[in-house]
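Trainee: Sequence:
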Amino acid sequence: MAKEPMRLSEIETGKNTKTKQVQPSGNAREINFSKGNKPLLKAESKEVHQAQETGQVTAIAVQKKNKERFNLFVDNRFAIGISESTLVHFALTKGQTIDQNLLEAIKNYEENDQAYQSSLRYLSQQLRSEKEVKDKLISLDYPQVAIEFALERLKKLDLLNDLAYGQAYVRTAMRVNKKGPQVIRRDLKQKGLNQTTIYQALEEYSDRNEEENAYSIAKKYYLKQQGKYSAYHCQQKLQTYLLSKGYSHDLAAQLSRQVSEELADSSQDYQALEKQAHRYWRRYAKLTSKERHYKVKGLLLSKGFEGEAVTQVLKQIEDDSND
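The sequence shown begins at 1 in full-length UniProt numbering and counts up one residue at a time.
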(Lines of atoms letter the chains of each structure in order from A and count residues from 1; the text may use other names and numbers.)
(Lines give C-alpha, C1' and ligand atoms only; values in the text may rest on other atoms or scores of the structure.)
Protein backbone atom coordinates (compact mmCIF):
# COMPACT_ATOMS: atom_id res chain seq x y z
CA MET A 1 0.00 0.00 0.00
CA ALA A 2 1.39 3.42 -0.92
CA LYS A 3 2.08 5.82 1.90
CA GLU A 4 0.61 9.29 1.78
CA PRO A 5 2.59 11.64 -0.48
CA MET A 6 4.15 14.65 1.21
CA ARG A 7 1.79 17.58 1.49
CA LEU A 8 3.01 20.71 -0.22
CA SER A 9 2.54 22.54 3.06
CA GLU A 10 5.16 20.16 4.49
CA ILE A 11 7.83 20.87 1.88
CA GLU A 12 10.56 23.06 3.37
CA THR A 13 11.21 26.52 1.90
CA GLY A 14 12.25 28.54 4.94
CA LYS A 15 15.86 29.05 6.01
CA ASN A 16 15.42 28.65 9.78
CA THR A 17 14.41 24.98 9.95
CA LYS A 18 16.24 22.03 11.43
CA THR A 19 15.64 19.76 8.41
CA LYS A 20 18.55 19.51 6.00
CA GLN A 21 18.03 20.29 2.33
CA VAL A 22 18.06 17.15 0.12
CA GLN A 23 19.18 17.41 -3.46
CA PRO A 24 17.59 15.15 -6.08
CA SER A 25 19.95 12.20 -6.35
CA GLY A 26 17.69 9.64 -8.04
CA ASN A 27 18.19 7.11 -5.27
CA ALA A 28 15.20 7.59 -2.99
CA ARG A 29 14.56 4.47 -0.94
CA GLU A 30 12.10 2.04 -2.51
CA ILE A 31 11.35 -1.65 -2.42
CA ASN A 32 12.11 -3.37 -5.70
CA PHE A 33 9.58 -5.86 -7.10
CA SER A 34 12.39 -8.40 -7.37
CA LYS A 35 12.37 -8.70 -3.58
CA GLY A 36 9.08 -9.92 -2.28
CA ASN A 37 6.92 -8.34 -4.98
CA LYS A 38 5.83 -5.65 -2.49
CA PRO A 39 4.29 -2.36 -3.63
CA LEU A 40 7.03 0.10 -4.55
CA LEU A 41 5.51 3.05 -2.77
CA LYS A 42 5.61 1.29 0.56
CA ALA A 43 9.16 2.41 1.45
CA GLU A 44 9.32 5.86 -0.15
CA SER A 45 11.30 8.54 1.72
CA LYS A 46 9.80 9.53 5.07
CA GLU A 47 11.06 13.15 5.00
CA VAL A 48 8.40 15.80 5.58
CA HIS A 49 8.80 19.54 5.35
CA GLN A 50 6.87 22.75 5.84
CA ALA A 51 5.98 25.06 2.97
CA GLN A 52 3.18 26.73 1.04
CA GLU A 53 0.23 24.94 -0.63
CA THR A 54 1.73 25.20 -4.13
CA GLY A 55 5.21 24.37 -5.29
CA GLN A 56 7.35 23.85 -8.34
CA VAL A 57 8.73 20.62 -9.77
CA THR A 58 12.47 21.13 -9.48
CA ALA A 59 13.64 17.69 -10.65
CA ILE A 60 12.47 14.33 -11.96
CA ALA A 61 15.26 11.81 -11.33
CA VAL A 62 15.58 8.18 -12.46
CA GLN A 63 15.91 5.83 -9.49
CA LYS A 64 19.16 3.91 -9.16
CA LYS A 65 17.62 0.53 -8.35
CA ASN A 66 14.80 0.69 -10.89
CA LYS A 67 15.36 2.60 -14.12
CA GLU A 68 11.65 2.48 -14.91
CA ARG A 69 10.74 4.55 -11.85
CA PHE A 70 11.33 8.18 -11.03
CA ASN A 71 11.63 10.39 -7.96
CA LEU A 72 9.61 13.60 -8.13
CA PHE A 73 11.09 16.62 -6.33
CA VAL A 74 9.09 19.71 -5.44
CA ASP A 75 10.99 22.81 -4.33
CA ASN A 76 14.16 20.68 -4.18
CA ARG A 77 12.59 18.20 -1.78
CA PHE A 78 11.56 14.59 -2.50
CA ALA A 79 7.77 14.35 -2.83
CA ILE A 80 6.88 10.91 -4.23
CA GLY A 81 8.20 8.02 -6.34
CA ILE A 82 6.31 7.40 -9.59
CA SER A 83 6.25 5.02 -12.54
CA GLU A 84 6.80 6.00 -16.16
CA SER A 85 3.08 5.51 -16.74
CA THR A 86 2.24 8.08 -14.06
CA LEU A 87 4.87 10.48 -15.39
CA VAL A 88 3.39 10.33 -18.89
CA HIS A 89 -0.24 10.39 -17.75
CA PHE A 90 0.18 13.67 -15.87
CA ALA A 91 2.74 15.07 -18.36
CA LEU A 92 4.98 16.05 -15.45
CA THR A 93 7.90 18.32 -16.35
CA LYS A 94 10.57 20.27 -14.54
CA GLY A 95 9.39 23.77 -13.68
CA GLN A 96 5.72 22.75 -13.55
CA THR A 97 3.61 24.27 -10.77
CA ILE A 98 1.95 21.62 -8.61
CA ASP A 99 -0.66 21.86 -5.85
CA GLN A 100 -1.88 19.46 -3.18
CA ASN A 101 -4.86 18.26 -5.22
CA LEU A 102 -2.61 17.29 -8.12
CA LEU A 103 -0.18 15.56 -5.78
CA GLU A 104 -3.04 13.53 -4.30
CA ALA A 105 -4.26 12.61 -7.79
CA ILE A 106 -0.75 11.45 -8.70
CA LYS A 107 -0.62 9.30 -5.57
CA ASN A 108 -4.00 7.66 -6.33
CA TYR A 109 -3.11 7.00 -9.96
CA GLU A 110 0.23 5.51 -8.90
CA GLU A 111 -1.44 3.12 -6.44
CA ASN A 112 -3.91 1.97 -9.09
CA ASP A 113 -1.17 1.45 -11.65
CA GLN A 114 1.05 -0.47 -9.23
CA ALA A 115 -1.83 -2.77 -8.23
CA TYR A 116 -2.49 -3.45 -11.91
CA GLN A 117 1.19 -4.12 -12.66
CA SER A 118 1.44 -6.46 -9.65
CA SER A 119 -1.57 -8.43 -10.86
CA LEU A 120 -0.08 -8.71 -14.36
CA ARG A 121 3.11 -10.19 -12.94
CA TYR A 122 1.08 -12.63 -10.84
CA LEU A 123 -0.97 -13.69 -13.86
CA SER A 124 2.14 -14.14 -16.00
CA GLN A 125 3.06 -17.24 -13.98
CA GLN A 126 -0.20 -19.11 -14.68
CA LEU A 127 -3.95 -18.62 -14.98
CA ARG A 128 -5.61 -17.35 -11.81
CA SER A 129 -9.14 -16.89 -10.55
CA GLU A 130 -10.43 -13.46 -9.58
CA LYS A 131 -10.30 -14.46 -5.90
CA GLU A 132 -6.66 -15.54 -6.18
CA VAL A 133 -5.63 -12.21 -7.74
CA LYS A 134 -7.62 -10.25 -5.17
CA ASP A 135 -6.09 -12.20 -2.28
CA LYS A 136 -2.62 -11.58 -3.71
CA LEU A 137 -3.17 -7.81 -3.92
CA ILE A 138 -4.56 -7.76 -0.39
CA SER A 139 -1.42 -9.56 0.82
CA LEU A 140 0.63 -6.78 -0.80
CA ASP A 141 -1.25 -4.15 1.24
CA TYR A 142 -2.89 -2.33 -1.64
CA PRO A 143 -5.96 -0.23 -0.71
CA GLN A 144 -9.40 -1.53 -1.68
CA VAL A 145 -9.89 1.17 -4.32
CA ALA A 146 -6.67 0.20 -6.12
CA ILE A 147 -7.55 -3.51 -5.93
CA GLU A 148 -10.99 -2.93 -7.46
CA PHE A 149 -9.45 -0.78 -10.19
CA ALA A 150 -6.94 -3.50 -11.10
CA LEU A 151 -9.56 -6.27 -11.13
CA GLU A 152 -11.96 -4.30 -13.33
CA ARG A 153 -9.22 -3.40 -15.78
CA LEU A 154 -8.09 -7.02 -16.03
CA LYS A 155 -11.65 -8.20 -16.64
CA LYS A 156 -12.24 -5.58 -19.34
CA LEU A 157 -9.11 -6.80 -21.12
CA ASP A 158 -10.28 -10.42 -20.63
CA LEU A 159 -7.10 -11.17 -18.70
CA LEU A 160 -9.22 -12.25 -15.75
CA ASN A 161 -12.07 -14.61 -16.59
CA ASP A 162 -13.34 -17.11 -14.03
CA LEU A 163 -15.14 -19.24 -16.61
CA ALA A 164 -12.05 -19.57 -18.82
CA TYR A 165 -9.99 -20.31 -15.71
CA GLY A 166 -12.48 -22.95 -14.54
CA GLN A 167 -12.60 -24.66 -17.93
CA ALA A 168 -8.80 -24.82 -18.12
CA TYR A 169 -8.62 -26.15 -14.57
CA VAL A 170 -11.17 -28.89 -15.35
CA ARG A 171 -9.28 -30.00 -18.47
CA THR A 172 -5.97 -30.22 -16.61
CA ALA A 173 -7.41 -32.01 -13.56
CA MET A 174 -9.28 -34.43 -15.83
CA ARG A 175 -6.42 -35.30 -18.19
CA VAL A 176 -3.33 -35.02 -16.01
CA ASN A 177 -4.45 -35.73 -12.44
CA LYS A 178 -7.53 -37.83 -13.34
CA LYS A 179 -9.53 -36.18 -10.59
CA GLY A 180 -13.24 -36.88 -10.40
CA PRO A 181 -15.90 -34.17 -10.82
CA GLN A 182 -16.67 -33.91 -7.10
CA VAL A 183 -13.09 -33.06 -6.14
CA ILE A 184 -12.81 -30.59 -9.02
CA ARG A 185 -16.05 -28.91 -7.93
CA ARG A 186 -14.66 -28.51 -4.42
CA ASP A 187 -11.37 -27.13 -5.74
CA LEU A 188 -13.09 -24.53 -7.92
CA LYS A 189 -15.28 -23.43 -5.03
CA GLN A 190 -12.15 -22.84 -2.96
CA LYS A 191 -10.77 -20.77 -5.85
CA GLY A 192 -13.75 -18.44 -5.48
CA LEU A 193 -15.83 -19.47 -8.51
CA ASN A 194 -19.61 -19.24 -8.08
CA GLN A 195 -21.92 -22.23 -8.55
CA THR A 196 -23.09 -21.19 -12.03
CA THR A 197 -19.53 -20.80 -13.30
CA ILE A 198 -18.49 -24.12 -11.75
CA TYR A 199 -21.43 -25.87 -13.41
CA GLN A 200 -20.50 -24.40 -16.80
CA ALA A 201 -16.82 -25.29 -16.37
CA LEU A 202 -17.64 -28.91 -15.48
CA GLU A 203 -19.40 -29.33 -18.82
CA GLU A 204 -15.85 -29.92 -20.10
CA TYR A 205 -15.92 -33.22 -18.19
CA SER A 206 -18.12 -35.69 -20.08
CA ASP A 207 -19.61 -38.87 -18.59
CA ARG A 208 -17.37 -40.89 -20.89
CA ASN A 209 -14.26 -39.09 -19.64
CA GLU A 210 -15.33 -39.76 -16.07
CA GLU A 211 -15.86 -43.48 -16.64
CA GLU A 212 -12.58 -43.91 -18.54
CA ASN A 213 -10.56 -42.07 -15.90
CA ALA A 214 -12.18 -43.93 -13.02
CA TYR A 215 -11.63 -47.32 -14.67
CA SER A 216 -7.99 -46.50 -15.44
CA ILE A 217 -7.04 -45.53 -11.89
CA ALA A 218 -9.21 -48.32 -10.43
CA LYS A 219 -7.21 -51.06 -12.15
CA LYS A 220 -3.87 -49.58 -11.09
CA TYR A 221 -4.99 -49.20 -7.50
CA TYR A 222 -6.46 -52.71 -7.28
CA LEU A 223 -3.26 -54.31 -8.59
CA LYS A 224 -1.22 -52.42 -5.98
CA GLN A 225 -3.42 -53.74 -3.17
CA GLN A 226 -3.51 -57.28 -4.51
CA GLY A 227 -1.08 -59.43 -2.59
CA LYS A 228 -1.60 -57.39 0.57
CA TYR A 229 -5.30 -57.92 1.16
CA SER A 230 -8.04 -60.37 0.30
CA ALA A 231 -10.09 -59.86 -2.86
CA TYR A 232 -13.02 -58.67 -0.76
CA HIS A 233 -10.87 -56.18 1.13
CA CYS A 234 -9.28 -54.94 -2.11
CA GLN A 235 -12.75 -54.26 -3.49
CA GLN A 236 -13.76 -52.28 -0.40
CA LYS A 237 -10.56 -50.25 -0.41
CA LEU A 238 -10.98 -49.54 -4.13
CA GLN A 239 -14.46 -48.13 -3.64
CA THR A 240 -13.22 -45.84 -0.87
CA TYR A 241 -10.31 -44.74 -3.05
CA LEU A 242 -12.55 -43.82 -6.00
CA LEU A 243 -14.80 -41.78 -3.73
CA SER A 244 -11.77 -39.90 -2.37
CA LYS A 245 -10.72 -39.06 -5.93
CA GLY A 246 -14.04 -37.35 -6.56
CA TYR A 247 -16.05 -39.97 -8.42
CA SER A 248 -19.73 -40.57 -7.72
CA HIS A 249 -20.85 -43.25 -5.26
CA ASP A 250 -22.69 -45.21 -7.94
CA LEU A 251 -19.70 -45.25 -10.30
CA ALA A 252 -17.29 -46.15 -7.48
CA ALA A 253 -19.48 -49.07 -6.37
CA GLN A 254 -19.96 -50.31 -9.92
CA LEU A 255 -16.28 -50.18 -10.88
CA SER A 256 -15.03 -51.68 -7.61
CA ARG A 257 -17.17 -54.75 -8.30
CA GLN A 258 -16.26 -54.87 -11.98
CA VAL A 259 -12.51 -54.53 -11.46
CA SER A 260 -12.54 -57.04 -8.62
CA GLU A 261 -14.27 -59.59 -10.83
CA GLU A 262 -11.81 -58.94 -13.65
CA LEU A 263 -8.61 -59.04 -11.60
CA ALA A 264 -9.40 -61.26 -8.63
CA ASP A 265 -7.14 -64.33 -8.57
CA SER A 266 -7.77 -67.09 -6.05
CA SER A 267 -4.13 -68.18 -6.11
CA GLN A 268 -2.94 -64.62 -5.48
CA ASP A 269 -5.54 -64.26 -2.76
CA TYR A 270 -4.16 -67.34 -1.00
CA GLN A 271 -0.59 -66.08 -1.43
CA ALA A 272 -1.60 -62.77 0.13
CA LEU A 273 -3.16 -64.65 3.04
CA GLU A 274 0.01 -66.66 3.63
CA LYS A 275 2.18 -63.57 3.43
CA GLN A 276 0.11 -61.62 5.95
CA ALA A 277 -0.26 -64.63 8.25
CA HIS A 278 3.51 -65.16 8.50
CA ARG A 279 4.04 -61.44 9.02
CA TYR A 280 1.62 -61.27 11.94
CA TRP A 281 2.89 -64.58 13.36
CA ARG A 282 6.39 -63.11 13.64
CA ARG A 283 5.11 -59.82 15.03
CA TYR A 284 3.33 -61.46 18.00
CA ALA A 285 5.93 -64.09 18.82
CA LYS A 286 6.04 -63.01 22.48
CA LEU A 287 2.42 -63.98 23.13
CA THR A 288 1.38 -67.39 24.37
CA SER A 289 0.47 -69.90 21.66
CA LYS A 290 -3.26 -69.49 22.27
CA GLU A 291 -3.13 -65.68 22.44
CA ARG A 292 -0.96 -65.59 19.35
CA HIS A 293 -3.35 -67.81 17.40
CA TYR A 294 -6.45 -65.72 18.13
CA LYS A 295 -4.64 -62.40 17.66
CA VAL A 296 -3.36 -63.32 14.20
CA LYS A 297 -6.65 -64.94 13.20
CA GLY A 298 -8.59 -61.81 14.14
CA LEU A 299 -6.29 -59.58 12.11
CA LEU A 300 -6.54 -61.81 9.04
CA LEU A 301 -10.32 -61.96 9.23
CA SER A 302 -10.44 -58.15 9.52
CA LYS A 303 -8.60 -57.96 6.19
CA GLY A 304 -11.37 -59.88 4.51
CA PHE A 305 -9.77 -63.32 4.22
CA GLU A 306 -12.18 -66.26 4.41
CA GLY A 307 -12.41 -68.03 7.77
CA GLU A 308 -11.77 -71.54 6.44
CA ALA A 309 -8.67 -70.42 4.54
CA VAL A 310 -7.37 -68.54 7.59
CA THR A 311 -7.79 -71.61 9.80
CA GLN A 312 -5.97 -73.76 7.26
CA VAL A 313 -3.01 -71.37 6.91
CA LEU A 314 -2.64 -70.90 10.66
CA LYS A 315 -2.66 -74.67 11.21
CA GLN A 316 0.15 -75.04 8.66
CA ILE A 317 2.20 -72.28 10.33
CA GLU A 318 1.70 -73.79 13.79
CA ASP A 319 2.65 -77.26 12.55
CA ASP A 320 5.81 -75.88 10.96
CA SER A 321 6.67 -74.07 14.20
CA ASN A 322 6.34 -77.26 16.23
CA ASP A 323 8.57 -79.31 13.95
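Keep in mind the hints are simulated off the structure, nothing from the lab. A couple of the hints might just be wrong.
Derived BS3-like pairs: lysine-lysine, alpha-carbon spacing no greater than 25 Å straight-line [said to hold, decoys possible]:
id: 1; residue 1: K191; residue 2: K178
id: 2; residue 1: K290; residue 2: K275
id: 3; residue 1: K295; residue 2: K275
id: 4; residue 1: K189; residue 2: K228
id: 5; residue 1: K156; residue 2: K178
id: 6; residue 1: K178; residue 2: K224
id: 7; residue 1: K65; residue 2: K131
id: 8; residue 1: K228; residue 2: K297
id: 9; residue 1: K315; residue 2: K303
id: 10; residue 1: K224; residue 2: K303
id: 11; residue 1: K155; residue 2: K191
id: 12; residue 1: K224; residue 2: K297
id: 13; residue 1: K134; residue 2: K156
id: 14; residue 1: K290; residue 2: K303
id: 15; residue 1: K131; residue 2: K155
id: 16; residue 1: K134; residue 2: K189
id: 17; residue 1: K295; residue 2: K315
id: 18; residue 1: K224; residue 2: K191
id: 19; residue 1: K275; residue 2: K286
id: 20; residue 1: K245; residue 2: K220
id: 21; residue 1: K228; residue 2: K286
id: 22; residue 1: K134; residue 2: K178
id: 23; residue 1: K228; residue 2: K315
id: 24; residue 1: K237; residue 2: K303
id: 25; residue 1: K191; residue 2: K220
id: 26; residue 1: K228; residue 2: K191
id: 27; residue 1: K107; residue 2: K178
Trainee: With reference to the structure, classify each hint as holding or not holding.
Mentor: Against the structure, the hints come out as follows:
The suggested pairing of K191 with K178 holds, with an alpha-carbon distance near 19 Å, which does not exceed 25 Å. Restraint check: the Cα-Cα separation between K290 and K275 comes to about 20 Å, which is no more than 25 Å; the hinted pair holds. For the given pair, K295 sits about 16 Å from K275 by alpha-carbon distance, which is consistent with the 25 Å threshold. Simply put, K189 and K228 have alpha-carbon atoms about 37 Å apart, too far for the 25 Å limit, and the pair is violated.
Under the criterion of a C-alpha separation no larger than 25 Å, the hint pairing K156 with K178 is inconsistent with the structure, at around 33 Å. Of the supplied pair hints, the one linking K178 and K224 holds, its CA atoms being roughly 18 Å apart against a limit of 25 Å. Of the pairs offered as hints, the one joining K65 and K131 is violated, with about 32 Å between alpha carbons and a cut-off of 25 Å exceeded. A distance of roughly 16 Å separates the Cα atoms of K228 and K297; the hinted pair therefore holds under the 25 Å criterion.
With a CA separation close to 18 Å, the supplied pair K315 and K303 stays within the 25 Å bound. With a C-alpha separation of about 15 Å, the suggested pair K224 and K303 falls inside the 25 Å cut-off, and the hint holds. As the CA atoms of K155 and K191 are separated by approximately 17 Å, the hinted pair is consistent with the 25 Å bound. Note on K224 and K297: the hinted pairing holds, with a Cα-Cα distance of about 24 Å set against a maximum of 25 Å.
Proposed proximity of K134 and K156 is supported: the alpha carbons are some 16 Å apart, at most 25 Å. With a C-alpha separation of about 20 Å, the suggested pair K290 and K303 falls inside the 25 Å cut-off, and the hint holds. Distance restraint check for K131 and K155: the Cα-Cα separation of roughly 13 Å lies within the 25 Å cut-off, and the hinted pair is therefore satisfied. Note on K134 and K189: the hinted pairing holds, with a Cα-Cα distance of about 15 Å set against a maximum of 25 Å.
Between K295 and K315, the direct Cα distance comes to roughly 14 Å. Compliance with the 25 Å bound is thereby established for this hinted pair. Between K224 and K191, the direct Cα distance comes to roughly 33 Å. Violation of the 25 Å bound is thereby established for this hinted pair. Note on K275 and K286: the hinted pairing holds, with a Cα-Cα distance of about 19 Å set against a maximum of 25 Å. In summary, the hint linking K245 to K220 is supported, as the alpha carbons are separated by about 14 Å, within the 25 Å threshold.
About 24 Å separates the Cα atoms of K228 and K286, which keeps this hinted pair within 25 Å; it holds. Of the supplied pair hints, the one linking K134 and K178 is violated, its CA atoms being roughly 29 Å apart against a limit of 25 Å. Using a Cα cut-off of 25 Å, the hinted pair K228 and K315 holds, with the two alpha carbons roughly 20 Å apart. This hinted pair checks out: K237 and K303 have alpha carbons roughly 10 Å apart, not beyond 25 Å.
Proposed proximity of K191 and K220 is contradicted: the alpha carbons are some 30 Å apart, above 25 Å. Between K228 and K191 the alpha-carbon distance is near 38 Å, which puts this suggested pair outside the 25 Å criterion. A distance of roughly 48 Å separates the Cα atoms of K107 and K178; the hinted pair therefore is violated under the 25 Å criterion.
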